[in-house]
Every structure is written in structure tokens, then in C-alpha cells.
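Enquirer: Here are the chains, one letter per residue:
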Amino acid sequence: MSASPCSVENAATVASYRCKVAEHYWVNQRYKYIRLEADAPIASITKAGQFYQLKCPTTLEHEPFLLRPMSVYGAGPESNRIEFLYNVTGVGTKAMASLAEGASMDIVGPLGNTFTFSANYRRILVVARGVGLATMAPLIKQAHAAGVDITAVMSARSPADLMEKEFLRGASADVRSVFDADGSSSVEAMDVLLRELIETQRPDAIYTCGSHRLLMLLQRVLADYPRITAEVAMEQRMACGMGVCLSCVRLFDCDGDRRFLRVCREGPVFPIREVVGEVEFG
Amino acid sequence: MANLNVRVGELNLRNPIMPASGCFAIEYQEALDLNRLGALVVKSVSPKSRAGNPTPRVADSYSGMLNSIGIPSKGLKYYREHVLPPYLKFDTPVVVSISADTTDEFADACEEMSLPEVAAIEANISCPNLEADGMAFAMSPDTTYKAVAAIRRRTSHPFWVKLTPNASNIATVARAAEDAGADAIVMGNTVLGMAIDVRTRKPKLGNVMGGLSGPAIKPIAVRLVHQCYRSVRIPIIGCGGIQNAEDAVEFMLAGASAVQVGTASFRDPGVMQKIIDGLGAYCTEMGVESIRDLTGKVKLDRQLSDRWLRFAQQSG
Chain P
17 MSASPCSVEN
27 AATVASYRCK
37 VAEHYWVNQR
47 YKYIRLEADA
57 PIASITKAGQ
67 FYQLKCPTTL
77 EHEPFLLRPM
87 SVYGAGPESN
97 RIEFLYNVTG
107 VGTKAMASLA
117 EGASMDIVGP
127 LGNTFTFSAN
137 YRRILVVARG
147 VGLATMAPLI
157 KQAHAAGVDI
167 TAVMSARSPA
177 DLMEKEFLRG
187 ASADVRSVFD
197 ADGSSSVEAM
207 DVLLRELIET
217 QRPDAIYTCG
227 SHRLLMLLQR
237 VLADYPRITA
247 EVAMEQRMAC
257 GMGVCLSCVR
267 LFDCDGDRRF
277 LRVCREGPVF
287 PIREVVGEVE
297 FG
Chain D
1153 MANLNVRVGE
1163 LNLRNPIMPA
1173 SGCFAIEYQE
1183 ALDLNRLGAL
1193 VVKSVSPKSR
1203 AGNPTPRVAD
1213 SYSGMLNSIG
1223 IPSKGLKYYR
1233 EHVLPPYLKF
1243 DTPVVVSISA
1253 DTTDEFADAC
1263 EEMSLPEVAA
1273 IEANISCPNL
1283 EADGMAFAMS
1293 PDTTYKAVAA
1303 IRRRTSHPFW
1313 VKLTPNASNI
1323 ATVARAAEDA
1333 GADAIVMGNT
1343 VLGMAIDVRT
1353 RKPKLGNVMG
1363 GLSGPAIKPI
1373 AVRLVHQCYR
1383 SVRIPIIGCG
1393 GIQNAEDAVE
1403 FMLAGASAVQ
1413 VGTASFRDPG
1423 VMQKIIDGLG
1433 AYCTEMGVES
1443 IRDLTGKVKL
1453 DRQLSDRWLR
1463 FAQQSG
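Chains as they are written, first to last, in this note's numbering: chain P, 17 to 298; chain D, 1153 to 1468.
Pulled out of the complex, with its shape left as it was, chain P reads as follows (with noise of 0.2 Å):
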């Protein structure tokens, strides 16, 4: 059964950890990973799907105030570890980017709440695009170590920005990779793509992260297959990450009582269903 997020209430505790950067190094020319070691056993409290807010170090040219919202790219094994996979791009990541291995870093969370995913599920399917990746990577492990199987359809701009072995991180899976380069990840190829992915290998459930045109694509798409669970990973702007501030909202169709929802609290994963498609905003 789906976890519907109109009612959800997470009730957790939330602390402060003090981090080490144990290593820090560029994947490709965007994105770099980073390993920590947190100052107590949070691995096994990290669900997948779930994120911390990071406290981005003041570098000379970067300023950032906030904390930073980031999904998990990894937890484990060591008790102590977490993993992040970011995309270069803006005040905080660039300041992050500067950390040197062995510098500290404070993170507040786990925060946010975790896929719906069974064990008894046959397959699943993986629709993710740029750091959509990083969010579902543990998805990925999860569906590995409880020997489902996977379809992962991974789209990118070109082959040099895919981490096709970042994202898998030793699982196999049925791989499909679309480019912008070639049109393959055109929304009219996709569309033809997943209907005969669903059609043939009929997944349990359908999850999605990192563009927002897919999740569209396949709200319509699963508008024919009712009964497979769908979820996405969402993003917003955020302050608080725990559901304080009213900053990260986004509209959703509660069985017809359209409401705002908190993507920190009562998300970051949602019924794809429930979403409802925006207009842009500001």
C-alpha cells in the first residue's frame, strides 16, 4: 500500500551530528562525492529517500547562511557513514566543494520520510535524471539486498554525465540509458519507452526523481496501469527541513482535497499521483 503523505506523521528525534570528511573527490566535471564519518551510529537510522540539512562551510568567495538540504546517497555499512553525491552548482555546494578531507561538517537530521517498497515485490522500475541519481541510489540497495529486480531507466544530457556505476554501486539491473545528445530522452521516446517496459516486465512499483517533465510523463503514463505504486522524490526550496517555517510547500490532490504539503515533513516522496502539475512560479 502506498504511504499517503495527507496523513502521515513523522515523529522522530532529530540531533545535530558532528561529521569528518573521510574523502571527498569529483565523479565527473558536476558532481562530487563526499563520505562522513558522523559522531554517532546514525547509518542504520537513515532511510532511503530521506536527507540532512548540511552546514556548508564560509569560504572566502561563498557565503551561505542556511543550512542545505541533501538527499542520501549512501548509508553504511560502518554504523557511522553517509554519503552524499551533489552537484556542483550554487553558494552552498560550492562552498561544500571546497572541504578538505579531514575537515568537519555539522548535519542535522535524518529528515524526511522513505520510499513505499515491499521485499515481496517482483521488479521495480527507476526512472531517474542528474541528481535524482544520488536520491535513489539507496533505493537501488535496497531493492538489490532483497533480491528484486531492477529496471533502471537513467537519463542524461550525454553519456559523460550518466554514473551509470555511481548510481548502481554494484547492483544489477536492467539498464536504460537515454541522452538529450540523441533525442532517446525526448518525452515522446520515454513515453513510448516506459508504456513497453510497464507492458512487458509489469514492475510492482514505479519510482522517479530529478525531472520534472518525467514526473509529468509518468503521471499520465500510470493514469493506465492503476494498481502499480508510484512515487517521486521532490524538491523545494527550504529553511527549517522539519516542517517549521512553511517554506517548501507544494500542491497536491489528496483525493480531491488539494492541499499544500511540506516536501521536508510530509515528504520528500510522494504518490506521483497525488502531485499536482505546476506552473512556474516567480
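Keep in mind that the hints were calculated from the coordinates and are not lab data.
Don't take each hint at face value.
Below, simulated DSBU-like cross-link-like pairs (lysine-lysine); rule was C-alpha separation at most 30 Å, straight line [what the hints assert, rightly or not]:
hint: 1; chain 1: D; residue 1: K1356; chain 2: P; residue 2: K48
hint: 2; chain 1: P; residue 1: K48; chain 2: D; residue 2: K1354
hint: 3; chain 1: P; residue 1: K110; chain 2: D; residue 2: K1356
hint: 4; chain 1: P; residue 1: K110; chain 2: D; residue 2: K1370
hint: 5; chain 1: P; residue 1: K48; chain 2: P; residue 2: K181
hint: 6; chain 1: D; residue 1: K1229; chain 2: P; residue 2: K110
hint: 7; chain 1: P; residue 1: K36; chain 2: D; residue 2: K1354
If you want the footprint, here are the derived chain P segments under chain D, 3+ residues with CB under 8 Å [as the list claims (entries may be wrong)]:
hint: 8; region: 74-81
hint: 9; region: 191-201
A short, non-exhaustive set of chain D residues, derived as facing chain P with CB atoms under 7 Å [unchecked claim]:
hint: 10; residue: A1177
hint: 11; residue: E1179
hint: 12; residue: E1182
hint: 13; residue: D1212
hint: 14; residue: Y1214
hint: 15; residue: I1221
Beta carbons are placed, not taken as given, at the ideal position from N, Cα and C, and that holds for glycine.
Got chain P; can you put chain D on it based on the hints?
Expert: Positioned in the frame of chain P, the structure of chain D alone reads:
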């Protein structure tokens, strides 16, 4: 151990630290023992239902943040039945913050929320006044006086008014609030600001303009608290960029009887407890027996300017 007790009018608080409305909600019980705070100030409620402003609602800034949340609200009935009850289970006074569009709406809402379980009402008169072309009530002394007097006629609860740093002459606004019967002043709200993304050329906030908060505005807020302190006798609750115990002490020296912590909680949800602990440590270190003795105790040398002038005359 120093006595951290303070008084705000007839209200006794176990310590001077309370959250700022809008930066506090029940979720912080996961990061903080709410029984240790001086008071709990709940996010503002408005009588009319509001969806809130367009996203993005927050933007990062140097030593601060901009926000234009828009005070989402489901009205007073929903608030009484669903929002307020979880805050009442703690052994800490609960302050209800109210925002409204007109003077009458303010008076009605404050009367309705003057419940026995509510320790004080905070009227957020820094919000736009629909009867004055959207200009906040607290921008001028006469709209402040009218709103505060209208509320005072309808409630005998302790009643605080939250002023705005955007007012041009804060002393006259504060005096108007006092004359109209407010029990305390909360000084103050966010400073109106704006930011633009130079790559997309779009405003960083969906609402274009928003309120600047955080340490970036702290010197402004300390100055405003001091100006209020010089012009009124009612207690002042300081607010604006407080991140640690020393910041809180600074506001008290400027004239505050208690302080509110807002944006700092977004960076560290447990920060209010650290500030309370830090106040105890400050008092021990500085030999302060009772923290309330700090209020208004900035050391001003009133002859300094005259002495300086005489001294400077010696130069060519």
C-alpha cells in the same frame, strides 16, 4: 546558579528566551525540551484563511535570509481545535500571535483568542493594513494607536504588539502603542528586502519582496530596542538576529526584558536551549545574580560628546 527569571508585565517567565512567531512550530519538540523555554510563541494565525505566498518562499542572503511565507492560515476555529492544543501540554506559557487585515478583524480575533489557556496575545501589527493601501499598521503612530486601542477594548489578557523595523520613527510608534494600552512591545519583525538572481533575472522570492532576518539585521534591531526603551515604560521583548547568549544579553542591555529567537533555530533546531545554558554561564562569569538586572544597563556616557568636542577643539 544565577536567577534567569524575568517579568514581562504581569507575566512571569522562567527565563527570557522564547521563539519568534513564524520560526516556531510543534515539530521543534523533536529537537528541544519545550518545558525549558521562557514561553512558546505560536506561528501567527489570521481570522481569514490564507494559502500563503508563491514559492520560492525563502532565499539565502549574507548572514541572513529573506522570506515571504505569507502567513498561511486556516482560520481561528481550526487553530483553536487543531493547532493550539499540542502547545498546551507543556509547563510553559503559550503566546498566541495574531495577524489580521483590518482593525476590526484584529479586535475580533484577539477577543476570540483571549482564552484561559492562553498566557498572552501578540498582535503582529507589522502585517499589511488593507484599510491603508496595504501599508503595515505599525508603520505610523496613528494606525498603531487605532489598532492597539481597538484590541485593548476587547481583551484583558496580557497583550503584546509586534512592531516593524521599517517604521521611520520607531519612538513615536512605540509611544502610540503604549498610550493605546499595550502591555509590552515586541521589537521587531523582519526588514523589508529584495534579491534578484542575476542569471535568470528573476526575483529570488516568488513574492518579489520579503523580510530579511538573521544576524544581518541584529544591529538594526538592537538600535530599535534601545530607541523604544528610551521612549516607553512598558517592557520590550527584543528580536532580530539573536544566535547565542551574548546576542541575547546585548538586547537586554539595550533595554529588552526578554528576547525572541527566530532564524537561528532554522540553522540549529536546538539553539534556544544552548542560549539558555549560555545565559547561565554568562551570569556566573560576570557575577550577575539575576538576569533581569541587565535590562537597559548599557553603560552610556552622556557627557562623552561634550568632552570629545572640547578635546577635539585642541586640534588645528
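Enquirer: Against the structure shown, which of the earlier numbered hints fail to hold, in ascending order?
Expert: Result: hints 6, 7, 9 break, sorted rising.
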